[in-house]
Amino acid sequence: MQTGKELIPHLFRTEYSKITAVLTKLFGFEHVEIAEDIASDTFLLAAETWGIKGIPENPTAWLYAVAKNRAKDHLKHHQIFSDKVTPGLQTAHDSLYEINIDLSPKNITDSQLQMMFAICHPAISAEAQIGLALRILCGFGIEEIADAFLSNKETINKRLFRAKEKLRNEKVKIAFPDASEINDRLQTVLTTLYLLFNEGYYSLSQNITVRKDLCLEAMRLNFLLVENKSTALPPVKALLALMCFHASRFEARTNEDGELILYDDQDTSLWDRELIEQGKYYMNLAAEGNEISKYHIEAGIAYWHTVKEDTSKKWQNILQLYNRLLLIEYSPIAALNRTYALAKADGKMVAIPEAEKLNLANNHLYYSLLGFLYSDIDNEKAVCHLKTALKLAKSETDKVTIEKRLLGLMK
Amino acid sequence: MKEFMLVFRNAQSGAPRLSPEQMQEITKPWQDWIGGIAAQNKLVERGNRLDYEGATVHAGNVVTDGPYAEIKEILLGYTIVKTDAIADAIEIAKGCPVLNFGGTVEVRTVVQMNM
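These protein sequence lines are chains A and B, in that order. For the first sequence, the numbering used here begins at 1 and goes up steadily by one. For the second sequence, the numbering used here begins at 1001 and goes up steadily by one.
Hint data in this document are derived by calculation from the structure and do not stem from the laboratory.
A few chain A residues facing chain B, derived, Cβ under 8 Å:
1) Q320
2) Y322
3) N323
4) L326
5) L327
6) Y330
7) A335
8) R338
9) T339
10) E354
11) K357
12) L358
16 Å max Cα-Cα, derived EDC-like pairs, lysine to aspartate or glutamate:
13) A:K313 to B:E1021
14) A:K344 to A:D310
15) A:K357 to B:D1084
16) A:K357 to B:E1091
17) B:K1028 to A:D346
18) A:K313 to B:E1025
19) A:K357 to B:D1088
For every residue, glycine included, the Cβ atom is placed at its ideal position computed from N, Cα and C.
Produce the entire structure from the sequences given, and follow the hints as far as they go.
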């Protein structure tokens, strides 16, 4: 039996976003804050009532019933709101009391998907999209969002406020994009989900629970897209495969203190076989059609990382996938990873001249890579590069990792 | 940044029959070379590889089979890179795998419309 203490945050996450999405769809995006308030009120009432009276048999049904009543009350008591909004409600009814607040599974899923398109809108920055997605689609608290972004509550509040304002000015609708638009709009949604996942996976935040939740939420939203016919396109499936492969190493990549454990040092028995299998499943589904997106290639790279044996075949494949990824889109991190794969595939002597051509001064990962490449070949140079990396590194986790490697070399 | 076209030429070799392993041995250096340029963020266009089959059209409706009749080396393909100076493009060209098979790389400045 779950205690109220564990149940309420969990329910909050899952149900807050559903209630908010359904109500926002009903009221229109311009009234998203009212929808958020009603959802928050519902949970406050639940927390207090359940604290005194115990948890009801069906907590979700209880929440929906309260949310419906609150929404109706709101429409009834706010004359200005109802005068302005009620006539424009998407479901027109003669009487206020007949307004259908549809919390059926189908409408919840549709509302969340449509909300995803509304929030992942090119009019606002990627950072704002992620923030809004976390708040509205994932039910994260402002404090948790601030923690994930290594920021503070005021900054996040301001950012979310401005983003909502901008979406209102753009007259964004809670609706599926037209068939002709869906590919373009889906690109933005996928980018946001990809960044949301990375925010959790690579975040500098020490709060492992929040980081893991970010990844799981990105996967949940991606799953909604995969389950929906009009959005279940190959890149969507490829991105889900990528996330499954990465997430399979979640337990293995940090120690009890939240410190990062490098890939080579991970306990492979902690890799989640089930997630790896799921990744393969979605990877196969993503193979339909001729399109090869960057998500396909990244999923391929992630797949090879789930292979434990450190074979030449593995690293040759990873190297070629990075070569292809760089042709689609250059990024410093892909360039660095490609050079690491080159060293694993063809040896450090081949990789060193290639690395020196990358010219990524000011990037601590660049000097970290050079440090790795020169280790056991010219340890003096390796130490020199690692010291530069240490100077440039910003996060504590990175500094600790580099210091450990320096100690290892200077023994 | 200026753009340079790297033009590959080689003597006509006919099409040798290769095993998949041998094909892979030929493919990998090209993939790695192009990937290495892209990793420096200096690739503009990976370009195209041309097949041996072809024809040359001359004035007066004269068509000759292939480009082979008058020249020893034939055009194999091209890639476009962007670098600060031609010297950097020449450095990149030095890594081109065609050089290992007796070919040459010609480095030419692409004329920009927006000077």
